[in-house]
Structure formats: C-alpha cells, structure tokens
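Trainee: Read top to bottom, the protein sequences are chains P and L.
The working numbering puts the first residue of the first sequence at 1, with every later residue one more than the last.
The working numbering puts the first residue of the second sequence at 1, with every later residue one more than the last.
Keep in mind the hints are simulated off the structure, nothing from the lab.
Heads up, a few of these hints could be off.
[As the list claims (entries may be wrong)] Derived contacts from chain P toward chain L, CB cut-off under 7 Å, selection only: (1) I71; (2) F384; (3) I391.
The beta carbon of each residue, even a glycine, is placed where N, CA and C say it ideally should be.
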Amino acid sequence: MDLKDKLVNSFLVFENQVDIDSNIHDIRTEAIKNFETKGFPTKKDEDWKYTSLKSVLKHDYSVFPKHENAIEYSDVKKYFLHDIDTYKIVFIDGKYSSHLSQTTHDGIDVCLMSSALTKPKYKIIVDNYFNKIAEKSSVASLNTAFSKEGAYIHIPKNKVVARPIEIIHFSTGNEAALLLQPRNLIVVDENSHVQIIERHQSLTENPVLTNSVTEIFANKRAIVDYYKVQNDNQKASLIDNTFVDQKRESLASVHTFSFGGKLTRNNLNFYQNGEHLDSTMKGITIIGDKQHVDHNTLVHHIEPNCESHQDYKGIFNDNSTGVFNGKVLVEKDAQKTNAFQSNNNILTSDKATINSKPQLEIFADDVKCSHGCTIGQLDESALFYMKQRGIPEKEAKALLMYAFSNNVLSSVKIPELKQRITKLIANKLGVNIGFDL
Amino acid sequence: MLKIKNLHANIDGKSILKGINLEIKAGEVHAIMGPNGAGKSTLASVIAGKEEYEVTEGEIVLENEDIAELAPEERAHKGVFLSFQYPVEIPGVSVTNFIKTAINETRKAKGLEDMPANVMLKMIKEKAALLEIDRKFLSRSLNEGFSGGEKKRNEIFQLAMLEPKLAILDETDSGLDIDALRIVSNGVNKLKSKDNAVVVITHYQRLLDYIVPDFVHVLHDGKIVKTGDASLALELEAKGYDWIKGEVNA
Numbered sequence: 001m002d003l004k005d006k007l008v009n010s011f012l013v014f015e016n017q018v019d020i021d022s023n024i025h026d027i028r029t030e031a032i033k034n035f036e037t038k039g040f041p042t043k044k045d046e047d048w049k050y051t052s053l054k055s056v057l058k059h060d061y062s063v064f065p066k067h068e069n070a071i072e073y074s075d076v077k078k079y080f081l082h083d084i085d086t087y088k089i090v091f092i093d094g095k096y097s098s099h100l101s102q103t104t105h106d107g108i109d110v111c112l113m114s115s116a117l118t119k120p121k122y123k124i125i126v127d128n129y130f131n132k133i134a135e136k137s138s139v140a141s142l143n144t145a146f147s148k149e150g151a152y153i154h155i156p157k158n159k160v161v162a163r164p165i166e167i168i169h170f171s172t173g174n175e176a177a178l179l180l181q182p183r184n185l186i187v188v189d190e191n192s193h194v195q196i197i198e199r200h201q202s203l204t205e206n207p208v209l210t211n212s213v214t215e216i217f218a219n220k221r222a223i224v225d226y227y228k229v230q231n232d233n234q235k236a237s238l239i240d241n242t243f244v245d246q247k248r249e250s251l252a253s254v255h256t257f258s259f260g261g262k263l264t265r266n267n268l269n270f271y272q273n274g275e276h277l278d279s280t281m282k283g284i285t286i287i288g289d290k291q292h293v294d295h296n297t298l299v300h301h302i303e304p305n306c307e308s309h310q311d312y313k314g315i316f317n318d319n320s321t322g323v324f325n326g327k328v329l330v331e332k333d334a335q336k337t338n339a340f341q342s343n344n345n346i347l348t349s350d351k352a353t354i355n356s357k358p359q360l361e362i363f364a365d366d367v368k369c370s371h372g373c374t375i376g377q378l379d380e381s382a383l384f385y386m387k388q389r390g391i392p393e394k395e396a397k398a399l400l401m402y403a404f405s406n407n408v409l410s411s412v413k414i415p416e417l418k419q420r421i422t423k424l425i426a427n428k429l430g431v432n433i434g435f436d437l
Numbered sequence: 001m002l003k004i005k006n007l008h009a010n011i012d013g014k015s016i017l018k019g020i021n022l023e024i025k026a027g028e029v030h031a032i033m034g035p036n037g038a039g040k041s042t043l044a045s046v047i048a049g050k051e052e053y054e055v056t057e058g059e060i061v062l063e064n065e066d067i068a069e070l071a072p073e074e075r076a077h078k079g080v081f082l083s084f085q086y087p088v089e090i091p092g093v094s095v096t097n098f099i100k101t102a103i104n105e106t107r108k109a110k111g112l113e114d115m116p117a118n119v120m121l122k123m124i125k126e127k128a129a130l131l132e133i134d135r136k137f138l139s140r141s142l143n144e145g146f147s148g149g150e151k152k153r154n155e156i157f158q159l160a161m162l163e164p165k166l167a168i169l170d171e172t173d174s175g176l177d178i179d180a181l182r183i184v185s186n187g188v189n190k191l192k193s194k195d196n197a198v199v200v201i202t203h204y205q206r207l208l209d210y211i212v213p214d215f216v217h218v219l220h221d222g223k224i225v226k227t228g229d230a231s232l233a234l235e236l237e238a239k240g241y242d243w244i245k246g247e248v249n250a
C-alpha cells in the first residue's frame, strides 16, 4: 500500500481518536477528500517541476507514533537559544513535551494547538483564524486533515513580547520512519510585537518526513518576525507550508536558513490585506552532497501602497540542487506597490544545480517592481587577493560566501540567533574563523 | 633575500617573462621600470604566485627556498607581500576583519596562537595613524567604493600590519594625488628596515623622489635590459624608453 492510501485509510482511525463532534471535523473531512483527489504532487505539477518527492515518499512512515519518548534537556540544549530567556513549545515525535517546554498564559497565550482546538475559551480565535489562509494544495490539505497538535500563539493587542518564542520538534528515531504533521496558528493583534523561531531536529538517522502548516496573522500595526532554522540531518525531509496574512501597517518577516536535510521544500505565501504594510522574505541556503532545497514564494499585493522585499541567497556545493520560484502578484487595485525580489546563487561545483524562476504578474499600472537573479562562481581575483594576504583557499572562500549572504543575516533582529546562524554557516563551510564583519 | 634565476613565465601559452635574473638583498630598495607590456606586473604576479601564470623555466628563491611551486598563501606566510595595482573590492568584508583574518591565518601557519585582541587593536590604531586612515574607514567593506587613493593607502596599511620580508609595490603611485603619494611613500619609508626589502614597480620617476631606490632595473620584452642606480630613473624620465629599446635592438 502506498503512502497516500495508507494516509487516507488512517483518517477514520484518526478522527475517532480526536473529538468527532469538534467543529473542525468538517474542515478535516473536506481536507482529506481534497488530498485524496489530488494525491501527492509530482513533477508534472508546474509548481513541483524541479522537486520530486518520490525518494521521500517511498518509506513506510508511522503516522501515529506509539511511544511516549523522553529526552534529557542536556542532550538537546544546543538546539535551543539557551543563552537567553525564551518561551518554548517543544514536541518529541509529534507529542508535546511539557518537560522541555515553557509555555505561558500570562497576558498572552503561548501553548498548544491541541488545547486551542478543543477548549471553548479559544473557540472564537479558532473559528476566526484556523485554516482561513492555508492553501488548498494537496500537502497543506493533508496537514489540515490530520491537524491536531502544534503551536498556538495568540498575542492580544498592545503587547510587546520581550522573549522570543521557540517552536522545536524533535524526532527520536524510535519509529523506523516517522511522518510528522505539526500545525501552528499564530495570531498577533493590533500593535503587538512577537519574534518566533522554528526548528525541526531529528536525533537519529531514521527517516523523518515533516509536513508542516503554519498560519500567521499580523493584524493592524503588528510586527511579526519569524525565523526558520533548517539544519536537520541527511535523512530528514521537510515540506513547510507557511501562510501570512497582513493587515494595515503591519510588518511581517520570514527568514529561512536552510543548511541541512535531505529534501526541503518551503512554500511561503504572503497576503497583503491592508494598506501601508510591509512584507519581508529572506533566506540563506547553503547545502552540499545530494541535498535539495526549494523555495516557492508568493506575495499577493491586494491593496495599494504596500511593499514587499524578497532576498534569497544560495550556495550550492557538490551535487546539491536548489530551486527558487518566486511569484509576485499585483492586483489592479494595488497601486503604488513597491515589490523587490532578488535571488543570487553561487555554484561551487559543476555538478550543482539551481533553477531560478521569478514570476511577476502585474495588473496595476503605477507600481515599482523589480527582480534580479544571478548565478555565478566565486570571484577568482578576489580569491587571489585574499590568498596573497595569507588567507588559505578554504578560509578565503568561506569569507567570500559569508560576505555574500551577509545581507540576509544582517536583518536578523535577535543577536543570539544571529550569532548562532553565523556559527552554523562557519560549520557548514568547514572553517573555524570568526565572521565578525 | 630574493634570487630570481632565469625566470620564464607564460600566460595562455603566450610567453611574457623571457629569462629574468634579479637579486635583492635585505635592506635594499629596487625599482623596476619599463614601458607598457614589458612584463612588470606579470613579474609581480608570478612572484606572488598567481595561478594563471605558468613558470616554464627558472627559480624564485626566497631565503634559500625555491617558492615557485608554492600556493599564494604559503608565499604570503613566508613574507611575500604584493600591493596590487588594482586592489579587488570585497563587499561584506570589513577592512578590520580582513586584516585580522589575514594576520591570524598567517600566525596559524607559523604555529602561533591568534594575536590577542588588545594587541591587534593597538597595532591597527598605530598603523592607521601612520597612513592617516580614520576609524570609520576601517569598518567599511574592503575597497568597496574606495577612491583610488584610499585603495592604495589601504594596501600600504595592510603592508604595515603584515610586516612582510619582501614588499612588491605594483604601480602604487597610479591614481594617487600628490598628498596621497606623500602619505603612502612616507608609510613605506617608515616600514623599511635592514631586514626587509622593497620592490617598486612604476612607470614614472615621481614615486622614486619619495622612495629612493638603491637599484633601478629596466624591463623590456620580458627581460631586464639595463640596471643602474637612482640616476637611471632620472635619465629615463628625461629621455623616455625609446633610447633603451634602441640600445637593446642595436
């Protein structure tokens, strides 16, 4: 039985586990039907032309992990921003770990999706926001059908959340192969600020596939900064589906740092539902071996006087492959739009590949839209210059690559996170030099 | 310190250096002059180890070791410094971080610990003052948007920081106004000692008014065709290169 059939068959069992009278029962049922009709995407789908899920879908994934697994904090401390205070929502093999987490209901809600979906006090928010902007794509529908657990964050108006919130998913390898489908809902009300970091980490070499959906709502004048750290091991794959809805004068940013994993697909959509707002999507991808990272972005400019900024840097080593598919859609009413998109890539090996495809669809006539895409190698004359000053080839290359991606790193607002990412980049480039640029 | 024996070098199969012989002792200043296309910059690049050039014959001996096969960074670690005619812009890497990395990588190659941060800072301050470079300049991206004069001053600043044995200045005077020329030459003169040597590559006499050479060599068609003292440079300035060419062809 292939994975699709297995999932469709599992749905009834799943529905019996959760509350069948739940008001999202209908949403789940519709979603599984949608997934059943569409099936997993293949390379025949235009949006998946360069990314094949075949090798990822061949495993016999457990859909419902049987064991409760514990992890000692000391073993996984390095995956947290442990040098500063943070709120933490931590899952082990898809199950909430109260032991590793630090949630709160003190003026804000930083807690669990499973509570939000079942407890009456969250009903209004869930009714207003849950599954309102998630795409009806096959993978997002699959997640919706099995949506049960994940992070639930609600920041009421006029709150500046001082501590970043970390959402971390660990998988322990207790199952031979594991499918995880976290579902996150983040609602940030008027004038509130929040910073969120998301990470998926597999602790063994057993295959893991994560199909995650996150819905983010930035209401009037809210500021939401979301950081995704993707540095998982070679057997872990991730399909990330993140949807951001913005209202008037809000600022929302998503930074994606893709350094690991077997296959990573980032579907990132921004919907601009208000004037004078600003959307930022940035990413650094540094991969090697046979790794694959695909960024599929959409900015939907619906209202006038808004901005969007996209800046994706990619460094592809060995046999790695990358995809950037960035769509900017400017509606007729979205006059005075400023939309910028840039995708720069370095291929360090003649076996590495990048497919970069900017798509601009503009229906308004008074807009400023630009896009630029470059694919190149490291500058030989710069390398010689650096080597002449005593910097060895490997370090010289690392410094150039770091400098190349520095634009994206410089907009990370949490200093400890920036440091951490800098270290990850140095590790990834195999050098031990401080990049305090 | 440096002995170049019968050096031949090609680029893309084209022969540029056709048998260079040159001996430079510690404490000396040598000027290499010559018309465009004579091979002056090629000689500098070949000594520094630029990979595009192929040494087909001869030796480059630095303190009794043939360095002709070494990587550019290994030559740098042994004390070879080239001040570039066209310093490369490296966006995103600050002057300070670049020089820190260069110094610490050189120390690492010699089995030394990183230079302590306070020592480094003091040295940067001192050498920046010598080249009349202000602090803001040091945090800018290396050579990016620098004026011609700033680029050259930055080269000599790095020279001062790295304290090489052999400094080759490739047309350091080009693009310099008279004030920058004075600052740069002053910097070079202060760094000169009995233990190091300087090779000045230039078209013009004017730099040699400031950095006075012990020897002047004229390079023509890949060979040194004439060697003299500082007065040779004045003679070239007065007569141009044609008389040398005439002498060679005669």
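Trainee: Now look at each hint and say whether the structure bears it out.
Mentor: For each hint, the structure was consulted:
{"no.": "1", "hint": "I71", "result": "36 Å, violated"}
{"no.": "2", "hint": "F384", "result": "6 Å, holds"}
{"no.": "3", "hint": "I391", "result": "5 Å, holds"}
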